[in-house]
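Q: For reference, the chains in residue letters:
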Amino acid sequence: MINLLRAEWKKTVWNYKLTGFLVWAVPVGVLGFYMVMLMGGLFSREWMAGMLQTGSGIWTGDAVGAWGMVLAFPFTVLSRLLPLAFMAAVFAGEYQSGMWKNLIPRNRRALLILAKMAVVTALIAIALMAASALTVAGQGAGRLWLGWEYNPPVSGDVFSDFAVLYAQTALLGGLALTILAAMAALAAILTRSTLAALLVVFGFSTLDSLAMYILMLLARIFSLPEIVNLYRYTPQCNIDNAQSWFRTGAALPLPFETFSTGPDLGFSLAMLVIWVAGLTALVLAVFERQDITA
Amino acid sequence: MPNPPAICTDSLTKTFGKGKTSIAAVRNLNLEVERGQVYGFLGPNGAGKTTTIRMLMDLVRPSAGRAEIHGRNVREAGALARVGGLVEGPAFYGYLSGRNNLEVLARTANDYRPERIRALLEQVGLAARAAQPVGAYSMGMKQRLGVAAALLGDPDLVVLDEPTNGLDPAGIQEMRGFIRGLAKEQGKTVFISSHLLNEVEQTCDRVAIIHKGEMIREGPVAGLLAESISNLRIQAAPLEQAEQALRERWEVARESVPGDAIPWLVVKAPPPDSPRVVELLVGKGVRVHQVVIRRQTLESYFLAATSDLHAGGPEAAHD
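Line order of the protein sequences matches chains A and B.
Just so we're aligned: 72 in our numbering is position 72 of the first sequence, and the numbers increase by one with no gaps anywhere.
Plus 294 on top of the position in the second sequence (first one is 1) and you've got our numbering.
All the given hints hold, so there is nothing to weed out.
Computed from the model, here is a short list of chain A residues facing chain B with C-beta under 10 Å:
# : residue
1 : R6
2 : E8
3 : W14
4 : N102
5 : P105
A few chain A residues that don't get close to chain B, going by computed Cβ distances all over 10 Å:
# : residue
6 : M51
7 : G61
8 : W148
9 : D264
No lab work stands behind these hints: they were computed from the structure.
We put the CB at the ideal spot given by N, CA and C, even for glycine.
Full structure from sequences and hints, please.
A: The structure is reproduced here in structure tokens:
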């Protein structure tokens, strides 16, 4: 499996155009933002101060904030577009380059797809971690320049609390990315086209992000208030709810009459795992039966 | 089974689509390829060659029947571990170099040996260009890289789909020698599909001809040609007397060739009959000027065989 992962890693990472535009663009964009901010600071402290306001004001929040790209609704509706495009291109790319015919006879189909899902998810996670580090460095440098504090002061307790929160956020981000990767894989297998796969997975992601509003609308249209209960089974509800548990120790408040708070943490984590496992199993079943004709 | 054949298919069938729009790409194909053979799989475009190969390489699921390689169903995990294939032209990651493409494929098979990759690149004549992106390779270079990829795991069975596509004449000659060498020197079984008949004729021990998804002939290349009708072309005088004598035993036709003073007699007789033909003519007092044996090529045999379904027998389009 290590060899397979290394093969997948090599062919994905060495596709510089793809990873450059759709993966490394995130940390490079953060780096560029803070470089511009620091250079602008040479001419205007006010302008620099304005740019620093984009952060949360605390380094722990800034570090975790980078994961908002895949976790934080409503930001996710558009911010997921880059990782989704990357996933669609990676999975559909094997069809478009005609490479499956070279790969499938060499290893089990299930392992080929799982390795691809793992590498895609890992690459985006690495990009987001790099973005976290660059955000904290950029905010820290700007605040130091302006003489502002950058709280909380680093201590053993603060750092250990932060490490736990960051790991929890990364875990949720990883689960969210794996759900999206599985969906992208499924879409690519069924459509064999990058654009079609992107449209399908973007549609899925958008429906999931907007599920709360869609269900509220349906409840109103059909006068079935309990229909909103379905929200507790969506990935977005459980991601938001788990984040709420991790950050505040309480369930997510919800604007529904039938249930006003999210489920408990165990339920949310279990639902996310079920989504990952279910979609992955579906991907493997479909891919296992697929005829590779190109 | 102690020593199962390299390839064995049993009523292998593939139908694409359902209902009225379904297309039977391969129908009830029974193949048996012994180990160590160079086996040609011949058919016109669209005959079902590539679909068969895709089923052998577990890329396409058979609709019915089964395919075995070295005695194991190709759908079993690990059944293709000792098989290398080049299916329907080479495909690679254009942004990776030739060497890196081979590395990716070797690692995918969990069999990465840098020295093997180096040796293969030397063998196919790509060592000097191994560091260049495959996107900059010519079709012939990609084809060579495809063959190298097929041989990565030092397979016992090599399946090559149209291996000389895109090669120049020298490259084709070299490839034929290379393929023969795989069987003769390395003891590998080679299964080649082609629509190029002289390629198969010059390279293969046995051949199967597939047409519209069905196997219509199978056997040793030499045997198929021997069983087919060949012609004796004779210049003799007096012509009428010769023609009359020959008609008693064989089918005879006249053929005028521009520049030749005397017309030829074309006698439908297999080459082993030529001494008897000459004996008969001499016995009848005919002067025999020339006897030319025109052997049927695989191409003419193939054309006859594939038109056979409509026109009744390979003789219909001989020579």
